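Student: Could you slot chain B onto chain A? The hints should help.
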Amino acid sequence: MNVVRFMVENRTQLVEQTLEHLWLVGVSTVFAMLIGIPLGIVIAHRPRLNKPVLASVNIIQTIPGLALFAFLLPVRWLGARADRLAILALALYALLPIIRNTYTGICGVDPAVLEAGRGMGLTQSQLLFQVELPLAVSVILSGVRVAVVISVGLATIAAAIGAGGLGEFIFRGLSMVDNRVILAGAIPAAILALLADVGVGWLERHLRTR
Amino acid sequence: MKASSPVCWADMPGDRATPAIEFRDVSFRVENTQVLCGFNLQVARGETLVLLGRSGSGKTTTLKLVNRLVAPTSGEIRVNGRPNDGVEVTRLRRGIGYVIQDSGLFPHFTVEKNVGLVPKIEGWPQDRIQARVQELLHLVGLPPEISTRYPRQLSGGQRQRVGVARALAADPEILLMDEPFGALDPLTRDDLQREFLLLQRRLHKTVVFVTHDLREALRVGSRIALMEAGKLVTVLTPEEFVKSSDPWAAAYVRAFGDGLDWAARRGAS
Numbered sequence: 000m001n002v003v004r005f006m007v008e009n010r011t012q013l014v015e016q017t018l019e020h021l022w023l024v025g026v027s028t029v030f031a032m033l034i035g036i037p038l039g040i041v042i043a044h045r046p047r048l049n050k051p052v053l054a055s056v057n058i059i060q061t062i063p064g065l066a067l068f069a070f071l072l073p074v075r076w077l078g079a080r081a082d083r084l085a086i087l088a089l090a091l092y093a094l095l096p097i098i099r100n101t102y103t104g105i106c107g108v109d110p111a112v113l114e115a116g117r118g119m120g121l122t123q124s125q126l127l128f129q130v131e132l133p134l135a136v137s138v139i140l141s142g143v144r145v146a147v148v149i150s151v152g153l154a155t156i157a158a159a160i161g162a163g164g165l166g167e168f169i170f171r172g173l174s175m176v177d178n179r180v181i182l183a184g185a186i187p188a189a190i191l192a193l194l195a196d197v198g199v200g201w202l203e204r205h206l207r208t209r
Numbered sequence: 000m001k002a003s004s005p006v007c008w009a010d011m012p013g014d015r016a017t018p019a020i021e022f023r024d025v026s027f028r029v030e031n032t033q034v035l036c037g038f039n040l041q042v043a044r045g046e047t048l049v050l051l052g053r054s055g056s057g058k059t060t061t062l063k064l065v066n067r068l069v070a071p072t073s074g075e076i077r078v079n080g081r082p083n084d085g086v087e088v089t090r091l092r093r094g095i096g097y098v099i100q101d102s103g104l105f106p107h108f109t110v111e112k113n114v115g116l117v118p119k120i121e122g123w124p125q126d127r128i129q130a131r132v133q134e135l136l137h138l139v140g141l142p143p144e145i146s147t148r149y150p151r152q153l154s155g156g157q158r159q160r161v162g163v164a165r166a167l168a169a170d171p172e173i174l175l176m177d178e179p180f181g182a183l184d185p186l187t188r189d190d191l192q193r194e195f196l197l198l199q200r201r202l203h204k205t206v207v208f209v210t211h212d213l214r215e216a217l218r219v220g221s222r223i224a225l226m227e228a229g230k231l232v233t234v235l236t237p238e239e240f241v242k243s244s245d246p247w248a249a250a251y252v253r254a255f256g257d258g259l260d261w262a263a264r265r266g267a268s
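In order, the protein sequence lines correspond to chains A and B. Heads up: the first sequence runs through residues 0 to 209, numbered per numbering that gives the first Met the number 0. Heads up: the second sequence runs through residues 0 to 268, numbered per numbering that gives the first Met the number 0.
These are calculated hints, taken from the structure and not from any lab test. Worth double-checking, as some hints may not be accurate.
To be verified - Residues on chain B that point at chain A, a partial pick, calculated with CB under 8 Å:
id, residue
1, ARG93
2, TYR97
3, ILE99
4, PHE105
5, PRO106
6, ILE120
Computed from a predicted model, the values in this text were never measured in an experiment. For glycine and all other residues, C-beta sits at the position ideal for the given N, C-alpha and C.
Here chain B stands alone, though its shape is the one from the complex:
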């Protein structure tokens, strides 16, 4: 028998009671810089948790700790109730979708090869990969004929959609999104945010979403984790956030102006 933690009875993937992701007293430092300090957070299954904070507050590092692109200096990160350093790192990552700002598409692969890469290295048969690619393109609102194009032939919004499709390819339970819509123009960003909400209503993935844009956070998040200087300030729902008396949250709301009520009534549009 393997040594197990006190909550071992709940350590079953898919168990509703286990948080999908859990940070336990995590710290991370590079040389003499404390990037993250005493970080504790639970992400529930099926929620969209937004990490909000200014540049350098440690949001991206927090995200990368989940799929072990970054290893913590101390503390533990649990994915589906299990420490994420207990599994082989490539297996861990293939079970977690990852979307980054400038999409990170492989410039020498067509859309189809980009989206189908993880299924391919997981050994899926060719016809199943093709069917899956078409299904995903449809899901993210792209026409099927786009599958033979190269990333440079796409617009920014289309590239980002392909990035989302690629992250969903092997149907992971968890999706990590690092400022996925940050480089888009406001109208395209608005489209993609709306589509993301629709998608999430259907798929119920566990999403960790990094942004510095409060409007985006209020719109897509089920909860918002506010970070400042490597520390978690507070975790609030969007409705709580706009009314919060927390000085950092209030500062954020002030910085974005007074016309934010609409954002708190998100989904009404």
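Same shape as in the complex, but just chain A:
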């Protein structure tokens, strides 16, 4: 197999790019969770905010990936380092599934349960941390799962602006018109996406509480 031989010959580069890829996806997902989960909670509690917030993240989602990278390139602090820019762009794309699922998960908590909790004298934060979040956790995580899988695919484009990752092989292969090189980037990316899907899915099942 030509592809396998090529991958073995270039294994140091392959490992390096895979790690870069994971780093881009991991850091951007963490940022997206840090922003998206609290935002999802806020819009679930204040219905007036949900339309504007969800509309804005929807609009971000409609911008083509390559275009978003190009848009962000002139921003001074970001443009200076390609990986920062890539992380920001990936985090922006990951926001939609995370915010939407957090919102759906929190809104899906049985109102009778919430009312009982309120009637028992739980404070807002006790209700959130003891009742709403534990009951919404599996829905929130399935949003994270979608976000991670999308990011793994999207992060291949980051190579176009020089942020590294498995996209390097893909873009190099495209310009060389060499399928082996394209596949050397595409196959590991596909495997990463599958592993991420299975991994977060496992977490989801083990944290499910109802």
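Tutor: Same frame as chain A, now just chain B:
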């Protein structure tokens, strides 16, 4: 000195003369709907007051006014002689047990955690919580091994019993029950009503009990407050109720048929 009402000498919790709960000219409206209008009622210490009325008559709203899940548009609600908006709302609620129709148990907590939640957030030590949970399960007629189960593993009657145990956890003086047995089959409901009466004979809590079921009202209530369209029609004992000439009360008795004499002789069984 804090400004006080003319009956300030009686404003001591536990004083027999002070009603446990008092509604003073309470009204409540949402947007353009008058849910409750000029409502006056006193609930005596240790009695079971039933709020009886059809759907939409304002019973549940009245109940929620007591623990401030609903705030009145005008008027005042006093709990143990003190306006209930004078204390911190979470403290007020922890001192009032609350039981609702589909029990509202936390599906991700075991029975033990459900029952022990209020004691836990009140900072009780773990061994005292455990002892209290066992005591309460025994009190509501559940076997001790049930404490590790989740609500979905229980029958409707068991869930409702756990709901009652949870409401009693921190030993509140007042218990609010919103159609607690409404979703149960007739035989289970009958069991729970009987056990409720036995329990109440031992504990002497002040209970406000919402129902639309006249039989239940006659059976568990020491007094029945009949509501219609957001107004209090009349307050009667069960014996008075079945003989009442009040048109609304009479309509209720008629709707439930003639075989209600047994209900007036409640407790004989």
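Student: Are the hints correct? Go through all of them and say.
Tutor: Going through the hints against the structure:
no.: 1; hint: ARG93; result: 4 Å, holds
no.: 2; hint: TYR97; result: 4 Å, holds
no.: 3; hint: ILE99; result: 6 Å, holds
no.: 4; hint: PHE105; result: 6 Å, holds
no.: 5; hint: PRO106; result: 5 Å, holds
no.: 6; hint: ILE120; result: 6 Å, holds
Hint compliance for this structure: every hint is met.
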